[in-house]
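So the protein lines, in turn, are chains A and B. With the numbering used here applied, the first sequence corresponds to residues 1 to 383, in that order. With the numbering used here applied, the second sequence corresponds to residues 1001 to 1372, in that order.
Note that these hints are calculated values from the structure, not bench results. Computed from a predicted structure; not experimentally measured. One should not assume that every hint holds.
DEER-style ranges, computed between Cβ atoms [as the list claims (entries may be wrong)]:
id, chain 1, residue 1, chain 2, residue 2, range
1, B, 1047, A, 32, 32 to 38 Å
2, A, 80, B, 1095, 51 to 57 Å
3, A, 80, B, 1087, 33 to 39 Å
4, B, 1077, A, 336, 54 to 60 Å
5, B, 1077, A, 19, 52 to 58 Å
6, B, 1230, A, 264, 45 to 51 Å
7, A, 120, B, 1280, 41 to 47 Å
Below, in silico cross-link-like pairs of lysine to aspartate or glutamate (EDC-like), each with a Cα-Cα straight-line distance of 20 Å or less [as the list claims (entries may be wrong)]:
id, chain 1, residue 1, chain 2, residue 2
8, A, 272, A, 354
9, B, 1124, A, 253
10, A, 309, A, 2
11, B, 1124, A, 354
For every residue, glycine included, the Cβ atom is placed at its ideal position computed from N, Cα and C.
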Amino acid sequence: MDANATTPLLPEVMEAMRPYWMEHFGNASSIHRQGQQGRTAVDRARETLAEFFNCREAEVVFNSGGTEGDNAAIFGLLRTGDHFVTTSIEHSAVLQAAERVAQRGVRVTFVAPLPNGLIDPEAVRRAIEGETRPTRLISVMLANNETGVLQPVEEIGKIAAEAGAFFHIDAVQGAGKVPLDVRRFGCHLLSISAHKMYGPKGVGALYVRRGTPVEPLLVGGSHERRQRAGTENVPGVVGLGKAAELALESLVDGTRERVAGLRDQLEAGILKLAGTGVNGAGAPRTANTTNIRFDQVEGEALVIGLDLKGVAVSGGSACHSGSTEPSHVLMAMGLDKNAARASLRFSLLKMVTEADVNHALQVVPRAVEHLRALSPVAAGTAE
Amino acid sequence: MEQQTTIAVAMSGGVDSSTVAAMLAHEGGSTVVGLTLQLWDQMRLAGKHGIPDAPKAGRCCSIDDVYDARRVAEHLGIPYYVVNQEERFERDVVRPFVDEYLAGRTPIPCSLCNNHIKFDQLLKTARSIGAERIATGHYAVNEYDARRGRWILKRPADLAKDQTYFLFGLTQEQLAHTLFPLGRLTKPAVRELARQRGLRLAEKPDSQEICFIPGGDYKQFLAAYLEEQNEQVPVTAGELVAASGEVIGRHDGISNFTVGQRKGLGVASPSPLYVLNIDPASHRVTVGADADLATQTLCARRLNWISIPELTGPMRVRAKIRHRHEPAWATLEPAGTDEAIATFDEPQRAVTPGQSAVFYDGDEVVGGGWIV
Chain A
1 MDANATTPLL PEVMEAMRPY WMEHFGNASS IHRQGQQGRT AVDRARETLA EFFNCREAEV
61 VFNSGGTEGD NAAIFGLLRT GDHFVTTSIE HSAVLQAAER VAQRGVRVTF VAPLPNGLID
121 PEAVRRAIEG ETRPTRLISV MLANNETGVL QPVEEIGKIA AEAGAFFHID AVQGAGKVPL
181 DVRRFGCHLL SISAHKMYGP KGVGALYVRR GTPVEPLLVG GSHERRQRAG TENVPGVVGL
241 GKAAELALES LVDGTRERVA GLRDQLEAGI LKLAGTGVNG AGAPRTANTT NIRFDQVEGE
301 ALVIGLDLKG VAVSGGSACH SGSTEPSHVL MAMGLDKNAA RASLRFSLLK MVTEADVNHA
361 LQVVPRAVEH LRALSPVAAG TAE
Chain B
1001 MEQQTTIAVA MSGGVDSSTV AAMLAHEGGS TVVGLTLQLW DQMRLAGKHG IPDAPKAGRC
1061 CSIDDVYDAR RVAEHLGIPY YVVNQEERFE RDVVRPFVDE YLAGRTPIPC SLCNNHIKFD
1121 QLLKTARSIG AERIATGHYA VNEYDARRGR WILKRPADLA KDQTYFLFGL TQEQLAHTLF
1181 PLGRLTKPAV RELARQRGLR LAEKPDSQEI CFIPGGDYKQ FLAAYLEEQN EQVPVTAGEL
1241 VAASGEVIGR HDGISNFTVG QRKGLGVASP SPLYVLNIDP ASHRVTVGAD ADLATQTLCA
1301 RRLNWISIPE LTGPMRVRAK IRHRHEPAWA TLEPAGTDEA IATFDEPQRA VTPGQSAVFY
1361 DGDEVVGGGW IV
């Protein structure tokens, strides 16, 4: 139950990629027919992605994934003296890029979320107006990886347009879970990653609205209309294309409703335990995610205990495992360290079954009660 | 199937704990889970005050060691997790270590770590994930003595690797739930076992230094740590005096000294001078001849008893006062509350406040405490 960390390939994706490893191995930039097969495959994927984003094909840049897309948007647009508005609940691919540009003389404002995890568009507006120099870029995520909370990107897009700022959306966790529409969002840039939507790891795409002056992160060739040098990852791009195609289908075939139903069932079952609560309750959320606080429980121990019983969940983000710091997202929402450490993320794959949920509902309460019985210390430190 | 007991092995990425994991996994009969406690971020103070930029390989909690431990677990096919205990380690080991030096004593962080982290926290963590017992790669023997109704800690077969000195703080509860599978093996035998089990790290060198001090220079560490904490290094400069009381020089701070230290005193003398005493109140450091270092008695506090429930009267023991000290005959007597006095048969060199004194009866650890 850790689909927000990564997802398995769907069999159709595997099949779509299969010919491009050995049979059609051509370099998509070659002139000969072998290369042309690769080119055609990349072009077809680009068409699918254009549909997925609701943009032109020329506005799709294939890359290595979400981190690269986020980095490319931030490093590619911001220069010394610029003002950059982002939020304190972004993925580290945005936060650490923001820290780096801040060291290079960019003014960065981090907007804090409301206690339910939502970014208030008015807070973004205040961040823009609170700075004398014009705001060059706004970057807000579509769906938070830890809580699943869906951000009001459309409203923020309008504010960005009024302010004349570029708008980047980190849609890594939203892609495949909610429809993407870059025109409706009003964004100039939007990054996604294939492996969060049943595609392969190591490939992603960045939407770049025509005319957006993004300086490329990588140079060395005219690939991707000079926006991203490097030989095209043909099998990966094909896999992303297929994953996007399947995601478009699953957005309308009732999958979301089914997953949301099972998520709600899981959530309701766990909430029967005393001393539990949902982080991000009351905010619109992706169908597959719930982030639950278990008072008087050490989250790390619960993650291990559950794993040994066959339930894979995560405390915070997989990109932070092994760090001491409790989730920056939950802390920004106002939870204290203990409450943040006592919170776990359950994120369901779209092939989740009722049996999976029932298994979790057998294992989780027992594990939580076991930990609570053992830990008088935690009881003393809880609020 | 669910009835199998679970043993959590503390895996450091070294040969000893890896071999323990291999032995237990090979034996079968219980579910084995590998745990590594992440205690200190080796990059935290890197590059500050002369601390090396890149930590040396083979150091506890380095990324390399976690990598090695993970590879061993994978090789053995056992579940493996890294558990972060950096906050507790800093609170219970690093901070007291710093404070002890600032107070003119010579701390011994490994014992603090064993008492507070390796056994207390590890056992808690193990229980929280559903394990009943822990196993470590320490060279020591523990066994239950039904006659006395107590768990006994004994010196291991390989006396050169004896780690009982650092384990005197173990409680009966901890001993009852801990396995020391290497206690009856020698180090060469352990390496041979590691080879037999196909562990790639069978030839990895032993680590010796204090795990959180990259480069091994504690003075660099104190300076870098206090700076990071935005704390002033307390001014503890003072007089250097001879045993007679005569002032023979000045020094920059008491944390630069350890009882028995010869180098770096900054005074010229026809015969070698050694630190005899450090007075944290007056900042006075007394120096004198090697012969003056010897003392007949030591006082230990914060005691823990293992083979006996309590020290009620005089007891003949052999007392060990530092890691590389050959235990010396002494008579141990209770003094004030949680305090004992050991009177040596022969005076012992450099009894150092801050170190621990561990008392042995034959091979058994009677108990121990902290020298004041």
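Okay, the hints, checked on the actual structure:
{"no.": "1", "hint": "1047/B with 32/A: 32 to 38 Å", "in the structure": "52 Å, violated"}
{"no.": "2", "hint": "80/A with 1095/B: 51 to 57 Å", "in the structure": "40 Å, violated"}
{"no.": "3", "hint": "80/A with 1087/B: 33 to 39 Å", "in the structure": "37 Å, holds"}
{"no.": "4", "hint": "1077/B with 336/A: 54 to 60 Å", "in the structure": "39 Å, violated"}
{"no.": "5", "hint": "1077/B with 19/A: 52 to 58 Å", "in the structure": "35 Å, violated"}
{"no.": "6", "hint": "1230/B with 264/A: 45 to 51 Å", "in the structure": "48 Å, holds"}
{"no.": "7", "hint": "120/A with 1280/B: 41 to 47 Å", "in the structure": "55 Å, violated"}
{"no.": "8", "hint": "272/A with 354/A", "in the structure": "18 Å, holds"}
{"no.": "9", "hint": "1124/B with 253/A", "in the structure": "47 Å, violated"}
{"no.": "10", "hint": "309/A with 2/A", "in the structure": "15 Å, holds"}
{"no.": "11", "hint": "1124/B with 354/A", "in the structure": "34 Å, violated"}
Going through the hint list in order, the structure does not satisfy hints 1, 2, 4, 5, 7, 9 and 11.
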